[in-house]
Amino acid sequence: MELKNLILSFFLLFLLVGISSTTAASAGKIKVRRPCKRLIFYFHDILYNGKNSKNATSAIVGAPAWGNRTIMAGQSHFGDLVVFDDPITLDNNLHSTPVGRAQGFYLYDQKDIFTAWLGFSFVFNSTQHKGSINFAGADPLMNKTRDISVVGGTGDFFMARGIATLMTDAFEGEVYFRLRVDTKLYECW
Amino acid sequence: MELKNLILSFFLLFLLVGISSTTAASAGKIKVRRPCKRLIFYFHDILYNGKNSKNATSAIVGAPAWGNRTIMAGQSHFGDLVVFDDPITLDNNLHSTPVGRAQGFYLYDQKDIFTAWLGFSFVFNSTQHKGSINFAGADPLMNKTRDISVVGGTGDFFMARGIATLMTDAFEGEVYFRLRVDTKLYECW
Amino acid sequence: MELKNLILSFFLLFLLVGISSTTAASAGKIKVRRPCKRLIFYFHDILYNGKNSKNATSAIVGAPAWGNRTIMAGQSHFGDLVVFDDPITLDNNLHSTPVGRAQGFYLYDQKDIFTAWLGFSFVFNSTQHKGSINFAGADPLMNKTRDISVVGGTGDFFMARGIATLMTDAFEGEVYFRLRVDTKLYECW
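Chains as they are written, first to last, in the UniProt record's numbering: chain S, 1 to 189; chain D, 1 to 189; chain R, 1 to 189.
Think of the hints as simulated: they come from the structure by calculation, not from any bench. Computed from a prediction, not measured in an experiment: that's the story for all the values here. Treat the hints with caution; some may be incorrect.
The calculated lysine-lysine pairs, modelled on DSS-like cross-linking and capped at a C-alpha distance of 27 Å, are [unchecked claim]:
#1 R:Lys37 x D:Lys130
#2 S:Lys184 x R:Lys37
#3 S:Lys51 x S:Lys130
One-sided excerpt, in silico: chain S residues whose CB lies under 7 Å from chain R [stated by the list, open to error]:
#4 Gln110
#5 Ile113
#6 Gly137
Covered, in the sense of this in silico footprint (three residues per stretch, anywhere, with C-beta under 8 Å from a C-beta of chain S), are these stretches of chain D [as the list claims (entries may be wrong)]:
#7 47-61
#8 77-83
#9 179-186
Cβ atoms here follow ideal geometry from the backbone N, Cα and C, with glycine treated the same way.
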């Protein structure tokens, strides 16, 4: 009978819809690895050397016991803890108008090679962006690119999560470095 | 025919249910900006000054190289890193019975104004709450209110995420401050 | 009529499917407290004492003002900040081949008992695992087990969230300790 077939078709259709939506719900979120928001910034770090207090944007605030000139600290600055307040710009020019600040700390945590651990925020307070993005993670900075976690956000970036890909754009001895930060958010509210 | 209409109605109804649930699943979560849990606490910080070791709840453990009395540290304590273990109370009275502890660190990270970066936990072990809430984020503490991220939780706060709104409730020079912390969780398990 | 009953059955069935999937979607994720990924590792921490720079994997880089031998620091090392780069192994043998590194910091943040706050990453770069897992949280280390948060991940652990249960597997004075870390991820992509 035609009517029975019609009902059966509906049955199959609805079952499919039901299953697919249940599956999606089980997964908790659609897992497309495509950012819902993407931001690229540069940040500029000028380390305090005792003489440049006006221009410096960062300073060492901790070093291994027995001083940071011990064998332990070595060439890779193991243990040095640096606090920073670095300008963020849209291009790689230190003198561009900052669109925000990168504020927080990094510490060198490997003896044989430069590797850091980062905890910091991008802080925005302009017409374009208001709020903050919070980052944490390991930065093996001799690699061309490396990923850290976006662990949260506030304001325009309310509850954000994602990945930031770091690239050292410039590195001038122990005086200045510039990071390119490609922030890809995968959870946006 | 009546029966056909009935079937058609079902079809439309199910289609709607199917679509709405699929949409919800696509979005990954219903994005109502209404906390699933909300907690308001005060926390009390008494800075160690070399003489108050019994009452102090926090101490400076790092400061910029060349001492924290350099031009660099200035008036806004740039670079000072403070570790704390502060009591949490339900009201703004320092002498109320603590319901938990706020444990972690803050560091001052701006040269021209007081701004801090926070990494800490609320730790509970009472009949009312067991577990911890973990926080990270920038605290531009001269603003009336500012938001940081709840990046995770354990125990009663298993896998929590959210926002904590901080308000300085009291600030007595460099001796004592009290924060009101309005913790709003938007992801609860 | 038989046909009517059939239609009614379909109606009820679809309604149930619809409701259950909608509910799941509303909740945002199926809240089964069963990890989607689980990893158990040991990590080994050898503290620098001024003489063991070759073997040491960690060093104190900050201590309360007025030195860490003040009344404030006391027996529980309040305020001491330690940076580490510890090998991770699959069993509890310090000399097993490391499968990765645990890199970051801990700080002692309680005056009367050993309690720490941790910020670190597991960093993997082997055929088995590539990427990092980022951790933050309070570690009341005199408890047999304690939980911290997995706040994010990269590479193989892209966007991970979860809980890590820590257990002190060995503790040799102030020279060496070994942690068993049972990492349970509840959000996997």
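Right, here's what the structure says about each hint:
no.	hint	in the structure
1	R:Lys37 x D:Lys130	holds, 25 Å
2	S:Lys184 x R:Lys37	holds, 24 Å
3	S:Lys51 x S:Lys130	violated, 34 Å
4	Gln110	holds, 5 Å
5	Ile113	violated, 10 Å
6	Gly137	holds, 5 Å
7	47-61	violated (count 1)
8	77-83	holds (count 4)
9	179-186	violated (count 1)
In the structure shown, a violation is registered for the earlier hints numbered 3, 5, 7 and 9, in ascending order.
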